[in-house]
Each structure stands twice: as C-alpha cells, then as structure tokens.
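A.B. asks: Going down the list, the protein sequences come from chains A and B.
The numbering used here runs 51 ahead of the 1-based position in the first sequence.
The numbering used here runs 104 ahead of the 1-based position in the second sequence.
Worth double-checking, as some hints may not be accurate.
Computed footprint of chain A on chain B, listed as stretches where at least three residues anywhere in the stretch have a Cβ under 8 Å from a Cβ of chain A [unchecked claim]:
(1) 135-146
(2) 180-194
(3) 197-206
Dumping the calculated EDC-like pairs for lysine to aspartate or glutamate here, alpha-carbon to alpha-carbon at most 20 Å [what the hints assert, rightly or not]:
(4) B/Lys131 <-> A/Asp150
(5) A/Lys125 <-> A/Glu216
(6) B/Lys131 <-> A/Glu140
(7) B/Lys262 <-> A/Glu307
(8) B/Lys131 <-> A/Asp138
(9) A/Lys125 <-> A/Glu307
(10) A/Lys125 <-> A/Asp150
(11) A/Lys125 <-> A/Asp162
(12) B/Lys262 <-> A/Glu216
(13) A/Lys146 <-> A/Asp162
(14) B/Lys262 <-> A/Glu115
(15) B/Lys131 <-> B/Glu143
(16) A/Lys125 <-> A/Glu154
Honestly, the hints are just simulated from the structure, not real lab data.
We put the CB at the ideal spot given by N, CA and C, even for glycine.
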Amino acid sequence: MSRNDGAPNWLRRMPTGYHIAQKIIARAAGRDAVMPGEIVTCSVDLALLLDSGGPRRIWPRLIELGVGVWDPDKIVVVTDHFTPAVDAESAAILKLTRDFVREFAIPRFFDMQGIGHVVLAENGLVQPGMFACGGDSHSSNGGAFGCYMAGFGAIEMTGVVVTGEIWLQVPRAVRVNWSGAFGAGVAAKDVMLLLCRELGIDNAHHVIEFGGDTVAAMSMNERTTLTNMAAELGAETGIVEPDETTLAAIRAAGQEPAADALRWRSDADADYAAVHAFDAAALAPQVAAPHSPANSGPVDSFADVPVDQAYIGACVGAKLSDLRMAAAVLRGRRVAAGTRLMVAPASQRVIREATADGTLQTLVDAGAYLLPTGCGACAALGAGILAEDEVCISSTNRNFRGRMGANSASVYLGSPYTVAASAVAGRIADPREMLSQEPGSDPA
Amino acid sequence: MTQIGGAAWVFGDGVDTDVMAPGLYFKASMDVMARHCMEAIDPEFAARIVPGDIVVAGRNFGVGSAREQAPMALQHLGVGAILAESYGRIFYRNALNFGIPTLVFPQAGEIAAGDRLCIDPLAGRIENRTQARTYTVAGLPEHLLAMIAAGGLMPYLKQRIAARGAS
Ligand code: SF4
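The following block holds chain A by itself, in its conformation from the complex:
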C-alpha cells in the first residue's frame, strides 16, 4: 500500500516532510535535516544499562580502556534479568552491578524494582524527542513515548558509555495505522502478533511508526506493547507520536515534559517506505506457534493444543493492564488441573497497584502461582523455565527454540487474555468465549 498519487514520475511532488524519527535523529546529530540511508553520529540523551549486558560486561572494558563513564546523569541502571539472586553467579552479577553504580556515582539506579523498560516508563524517564539507547533489544519499548530509543549490544553500549555517541544509518519509516475499536478480549499484543506475520520479522533499516485512532485511544501501557515488539519485527525501533495521553503519563510519573514536547510529530507529507491500514474491529485474538513470533494465526487455528504451563510475564506482558486482562478472564474461574499458571509482575509498582485494586487477589484465587518481579522465565534466566517437551502459552514476546528453557519445549505466544483463558481450559482457548459467559456457566 505504498503511497502513490498516480502522477507520472517527473510530475510527482517529492515528499518534503520528515517523519518523527528522522526529526529526532537530525536533532541528536546536530543537523537541520537527515535523509534515510545517511550515516550519522548522534549524541545520546539517555543510556539504559541492565544487569545482563550492562556493568557486568562494560566495566571490565572501561578498566581495559582506562576511562570512566561520559556522563553519569545520562545513565540509568536497572537490575532485572538476574533478580532475585538464585545462585552464587547471579548474586555476584547483582553485586557487581551495585558496585558499578557506586563507583561511578550513577544517580538513577533501580535495584530489583522491575524490568528496565517498564521502570523507565513508570518513572517518566523516556520523553518525546529524546534520543536514547539501551543495552537490550526491547529498548524499542521507550518509543511509545515519542522518543527514538533503540537496542544495542553491550560492546556498542561500552562505546556509548565512553563517548556519549553512537552511529546510525537513518532508517526509512513504515507507517502502520489502526482504526476502530477492539472487540472484547483483543489487545495490542494481538496487533503485534498479526503484524509479525503480515510485515515479517526482517524489517532492518526501518522504523515502525504506529498511528490511527485505535492507537490514539490506547493507554501508554498498551502503546509500549506495540513499540516493544517492534523488536520482533526486526525493525530499528518503533515509535508513536506523542499526544496528551503521553504527557499525562509523564506528569503522573512525577516528571514535567518539555513545553514543546508535542512538536515531535511526523509531517503530513513525510516520506514513508509503506503505509499500512488495519481494522481493529476485525481483529481476532492471535497466537504465535513455535518457534517464531511470525508463525501466528487466529486463536482458533491452535485450539485444543494442551498446555503444561501458562506464563504471564515480561516487559511486554505483565504490566498492570496485562494483569487486569488476565483477571477479567480468571474472575470466578479456576486454572485447569494439570496446567500451572505462573505470574511474574513486570515491576514492584505493578505488584503494589495490582494488590490495591484486587487484581492479584483474583489471580491467586484462580490458582495462579506468583513469581518475583523480573525477567524470570522469559529468557530462561529465572524461575518458571520449561522442561523437555513441555508446552507453554506465554504473554512474553519471543518463542525461539530454547528461549524459555529446554530446546524441545514448545512456546506459543498470546495476549494475557488468551494466556489466562488457556490456563482455565488447560489447552489453547479463545478468551472471547469465556468473557461472554458468566463464570461457572461454562459447560466444559
């Protein structure tokens, strides 16, 4: 659906506008404008370091180089992958992370407060127009706040921490518009599982810009589900233009957005590599089969796959909104015998809020097993990993072979609604059926 006004080439007006990512990159590169394909060097406004690929891998390199960090005020350190310590190795990694923070006097350190991407959002630290880097592929999560935030490896983050700069090839933009309202039991996660199939997972050199009235109506939590999984599309990152919802979330987190924050928008005549349009009302719950998020289809195509474990966790799938989706299905119901439902809330704040509003009570009453906050089983680092040949349906973002444990385990991805419904049924199930029935009236 590339934009084409039908005019002959020589007559067609060249697009003169810029998309939001292009504007942010130009600002960070100290340029008036940049064009897709250009290689530029950008100043970094914020660098997110996690316990996994952060201090543990960067500090020895700083020692080797004989230098310190470029600007401690622009670094945020979070422990999440190895929390809580379960053995000598994870304890040592966490200790090293704390020592690093002390050594370099880094003011913003969130120790065991939750998953980094979620903690950044909760604290209003990602803001419109920022150029940010994270040492983790799902750093695209921050793009929901109208900033350019992308993930990089620890070696490259070493360069960032030393120089405050990073090179970039200016990406082309793909605009994805959603219009209409979701039906009951459908959420942003279903959007992304569908897009992994429709756009493919090979979108390097592109930034995915999400828009349309469906996105405008979404909470910030749901918007981060979109940009988080831009990583699954293989994109440079994902981004949503900021609006009043964005600013309200930043203020609620106790920060004040810049007065001109809403100027970070794409021009009407921005040059997009493609523009796609989808109808939210027509979207059914989606499930991705092993071993790729692109192996997705409507939930019915996977009905009757029995599940050993249902997992609600990860940066993408265990925010307060996600736990509430699970609770909406689980209220008055029980997890099936022979299936275990594990819930690892995405942050300590999520635990507090889900306690206050009764969500956790609903989950526990239904038989959910509560795990500590952190990355947990999402990347086979914490509690809840899978044994050989086990089948799991998970609200996480990736289902690569061996991702959640044994190589022969099968991981299906779904929304928190779908994961909860599957936990109740003991097999992959359509949440819409349960949401439309009174608890207890299910003949099954």
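Got chain A; can you put chain B with the ligand on it based on the hints?
C.D. replies: Frame of chain A; chain B with the ligand shown alone:
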C-alpha cells in the same frame, strides 16, 4: 584484513540469537556457552567446527536479542567470517564490533555445506573453490573501515582515547 579461508557451515533463514547463545548458559563461561552454540539446530556444529570455517546463512541471521554472546560464541569457536542474505540489526553491529568479517551475501543459497570458501572481506570477493565460482558483493561498510582495520570497537576506542590523550 587478509584473506580468510575455510569450510562452509550452511544454515537456513532466521537463525536466532538464542540458538547461538542459549539463556540457560548466560552465567557460565564463554567456553561452556560456546559448546552449546547452535546445538538446538545443529548439535554437531560446536564440536566439529575448525578455526577459519565460515558460517553461511539465509535471511535474518542473528534475529532477536542484543546479547553479544551470540557473535562472541561464534568467534570463540573460531568462525572466520559470516556470510548471510540479511542480518538481525543488533547482531550485525555486534559482529562487526568484535571484528568478525560479516558480509551481506545475496547468493548464500548457492553454497553447499562443506564447500571450501576463500574470502577477501574488504574487496567483497567470495571464492567458492569447490564449485569454482567467484562472487563480488558489497565489501564491509565504508564508515566502519577504520574500526574494522583496528580489529574491532575495543582496539578502535583505545586508539581514539590515545589520540585524545596525545593531542
Ligand atoms: S522480560 Fe524478557 S524480553 Fe523483556 S527485557 Fe526481560 S528478558 Fe528481555
């Protein structure tokens, strides 16, 4: 950077980072991690690869995680170069930052497992000695040549820091 020669290890599309560096071994040493590199899709790979051998793959090689252990494990096993139709974006940057010659090779599908390859990464010249065919592809990215010539990002940063100190 001189010529690289070795046998081809051929993989398909979408080989992900978690297969190269499984999360289960994150806390272990690189020696242990590398032994499990690719085991989910080719249990023989880590045990049988010979230093200098070349990994050839289809689309989206290294899709997924930012974990630098993915290219590190390949390098630890002695992989001399990587040729793939396309790459996961972070993997590609990581691999070049470790100084691994990593080329975009649209005709990767024409290489058979075990073919003897000889590569000049700067010129973008790939010679398949077994099939007696030669390909020319885009060489390493020009803006990274200084870093690659230095041997990767760490030696390059050392050079830059030394130059800063001297000036
Ligand atoms: S929860 Fe999973 S996807 Fe998110 S940062 Fe942690 S390991 Fe990565």
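A.B. asks: Hint numbers the structure violates, sorted upward?
C.D. replies: Structure breaks hint 7 only.
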